[in-house]
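*Asks:* Okay, here's what each chain looks like letter by letter:
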Amino acid sequence: MSHTYRMVQWNAQKRRYDLALWTGIALYLATFIGGGLLGDANADAMTLSIRATATAAFVLLTLILSIGPLARFSTRFLPLLYNRRHMGVSMFILATVHLMLVLLQFHADGNINPVVSLLSAGTPRQTGGAFPFEILGIAAWLILMLMAVTSHDFWLANLTPPLWKALHMLVYLAYGLLTLHVALGTLQQERSWVYSVLLLSSCVWVFGLQLLCGWRESGRDRAVPKQTPEGYVDVARAADIPDGRAVTVTLAGERVAVFRDGRRICAISAVCRHQNGPLGEGRIIDGLVTCPWHGYQYRPEDGCSPPPFTEKVPTFRVHVERGRVLVDPMPLPPGTPVPPAMMDELQ
Amino acid sequence: MIRPLRKAHRLTVTMLAVIVPAMLAVVLTHRHAISAMAGDSKPSPFAIRLASTTVDRRLLEIAAPIASMPEVLVYWSTRDATTLDAHAVLLGRLDGSTTRVGVSSNLHGGRILLYSPPLGKILAQQDLPDGSSP
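Taken in sequence, the protein lines are chains R and C. Heads up, the first sequence is in the working numbering, so the first residue is 3 and it goes up one at a time. Heads up, the second sequence is in the working numbering, so the first residue is 4 and it goes up one at a time.
Read the hints as simulated data drawn from the structure, not as lab findings. Keep in mind it's a predicted model, so treat the numbers as computed, not measured. Mixed in with the good hints, there may be bad ones.
[Said to hold, decoys possible] Taking beta-carbon pairs under 10 Å as the criterion, some of the chain R residues facing chain C (in silico):
id : residue
1  : Phe108
2  : Asn160
3  : Leu161
4  : Phe209
5  : Asp223
6  : Arg257
7  : Gly264
8  : His276
[To be verified] If you anchor each label on the Cβ, the simulated ranges turn out as follows:
id : chain 1 : residue 1 : chain 2 : residue 2 : range
9  : C       : Arg6      : R       : Ala43     : 56 to 66 Å
10 : C       : Thr32     : R       : Asp245    : 36 to 46 Å
11 : C       : Asp59     : R       : Pro81     : 52 to 62 Å
12 : C       : Asp59     : R       : Gly26     : 43 to 53 Å
13 : R       : Pro309    : C       : Arg6      : 43 to 53 Å
14 : R       : Ala32     : C       : Thr32     : 33 to 43 Å
15 : C       : Gly123    : R       : His296    : 25 to 35 Å
16 : C       : Lys10     : R       : Asp236    : 46 to 56 Å
17 : R       : Leu105    : C       : Gly123    : 18 to 28 Å
18 : C       : His111    : R       : Leu169    : 46 to 56 Å
19 : R       : Leu169    : C       : Gly112    : 51 to 61 Å
[What the hints assert, rightly or not] Which bits of chain R does chain C cover? Going by a derived footprint, with three or more residues having C-beta under 8 Å, they are:
id : stretch
20 : 80-91
21 : 165-174
22 : 179-187
23 : 194-208
All C-beta atoms, glycine included, are put in the ideal place defined by N, C-alpha and C.
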């Protein structure tokens with residue numbers, strides 16, 4: 003992370019990701035518009051484009067909101083998570099194209115300013131008693147714009163991860179607004195049950211996954227590990243921690259990742275400094291704890307990123323007794339060196 | 004560290020998981036009925052008249068039969084049409100029982116069309132009133 007602005011750091015994986023993403027988007031748009039024109043002689047290309055960009059953006063948003071929970075359930079989804087921000091910006095571009103096409107189609111040909119026309123379109127009198135669905139779409143678009151412009155690591159570093167994450171949690175509100183934008187807009191005239199079922203399915207899928215994941219995570223957080231008289235917490239049998247991996251426990255309300263690297267046992271905060279990713283679900287690569295989300299790395303013995311990086315996470319005192327790993331629940335300041343506990347040879 | 008954030012995340016998602024599907028279900032089961040005023044055989048229920056004229060524009064007054072109706076847009080087109088012409092100029096929206104719409108003096112002749120996007124058809128049309136006789 004850097005507090006100074008640097009261009010997006012492209013690599014081969016990001017290029018492949020974006021190529022696959024935009025190929026998929028292009029195929030979807032071409033199929034939607036082309037199929038619509040071929041299937042209905044009265045179909046209008048502009049209307050089809052408005053709907054194609056809208057549905058593509060909504061499908062992408064559904065996918066984006068699903069990736070986080072899915073990656074917690076299975077590591078197979080981690081590659082999708084790696085470049086999720088590019089997917090988010092792509093979705094914002096589609097939503098913006100949709101908005102521009104709507105302005106062109108419905109608001110640009112008169113002698114009223116198109117933006118004024120759009121913003122004044124929403125009074126109940128003007129919509130014949132119906133809810134002004136345009137306002138919901140505009141509100142969601144503003145949230146998505148805020149997220150897109152602050153998606154760069156420059157903003158993540160300057161706003162700090164907690165504030166940045168709090169800001170980006172508005173995506174759930176944007177999703178709710180868009181769901182109602184569709185329901186109060188096009189679905190008021192589109193009476194086929196297929197569209198209603200698809201929208202409802204997306205809603206149930208997104209919130210169902212989020213709730214299921216939250217329920218599972220909160221169950222883990224509520225687990226109370228055994229505490230020794232010295233105040234240490236018995237977290238696991240040392241031999242049960244897979245080599246190069248970690249077990250995650252919640253101590254004093256915060257998650258701690260207890261890693262095993264060969265015979266060495268270390269404990270650091272399970273929260274990555276980059277985007278609060280789950281370090282406890284990462285691996286030790288080249289002797290460094292590696293975040294499963296974006297590959298940020300930390301030394302297990304002091305929680306510091308290797309030079310030239312400067313990120314640090316809190317560390318915890320740890321020792322092994324009779325094959326059990328005991329951790330002091332009091333975190334040490336980020337970057338504090340702690341000698342690794344050694345597994346008994348007999349383990 | 005991020006405990007408050009996790010709590011806020013759970014609270015937000017839980018609240019929206021209740022509110023959004025419930026609102027969606029209500030909205031979908033109470034969709035407003037599309038007005039039947041588009042019957043082709045009936046005479047047009049709209050009245051379009053010239054309200055005033057200035058140097059640069061004319062003000063049309065459009066009277067609608069009821070204040071509550073699906074969205075109706077007001078267009079100007081050069082020709083008589085059964086469907087909306089691609090070059091029709093959007094002038095505004097019908098706003099309740101009486102709406103005033105400005106028409107640029109640059110537009111001469113042609114017709115005023117009242118188009119309903121929900122119904123996908125022109126509800127009424129009339130020659131653009133001449134600015135010389137308000």
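*Asks:* Next item in the hint list is Leu161(R). Is there a CB on chain C closer than 10 Å to its CB?
*Replies:* violated, 13 Å
*Asks:* Given the hint of 51 to 61 Å, is the C-beta distance from Leu169(R) to Gly112(C) inside that range or not?
*Replies:* holds, 54 Å
*Asks:* Against the range 56 to 66 Å, how does the distance between the Cβ atoms of Arg6(C) and Ala43(R) compare: consistent or not?
*Replies:* Roughly 60 Å apart at Cβ, these two residues keep to the hinted range, so it holds.
*Asks:* If I claimed the Cβ atoms of Asp59(C) and Pro81(R) lie 52 to 62 Å apart, would that claim hold in this structure?
*Replies:* holds, 60 Å
*Asks:* In this structure, is the beta-carbon distance linking Gly123(C) and His296(R) contained in 25 to 35 Å?
*Replies:* violated, 48 Å
*Asks:* Let's test the interface hint: is any C-beta of chain C closer than 10 Å to that of Asn160(R)?
*Replies:* violated, 18 Å
*Asks:* With respect to the beta-carbon atoms only, verify the hint that Pro309(R) and Arg6(C) lie 43 to 53 Å apart.
*Replies:* violated, 31 Å
*Asks:* Tell me if the beta carbons of Leu105(R) and Gly123(C) are separated by a distance inside 18 to 28 Å.
*Replies:* Once the Cβ atoms are compared, 20 Å apart, the range 18 to 28 Å for Gly123(C) and Leu105(R) holds.
*Asks:* Given Phe209(R) as an interface hint, is its Cβ closer than 10 Å to any Cβ of chain C?
*Replies:* With a closest approach of 4 Å, the Phe209(R) hint holds.
*Asks:* Quick one, is the Arg257(R) hint okay against chain C at 10 Å, beta carbons?
*Replies:* Hint holds; Arg257(R) Cβ to chain C Cβ min 8 Å, cut 10 Å.
*Asks:* Answer holds if the nearest beta-carbon of chain C is closer than 10 Å to that of Gly264(R); otherwise answer violated.
*Replies:* violated, 28 Å
*Asks:* Using a Cβ cutoff of 8 Å, are there at least 3 residues of the stretch 165-174 of chain R near chain C, or does the coverage claim fail?
*Replies:* holds (count 4)
Taken one by one, the earlier hints fail for this structure at numbers 2, 3, 7, 8, 10, 13, 15, 16 and 20, listed in ascending order.
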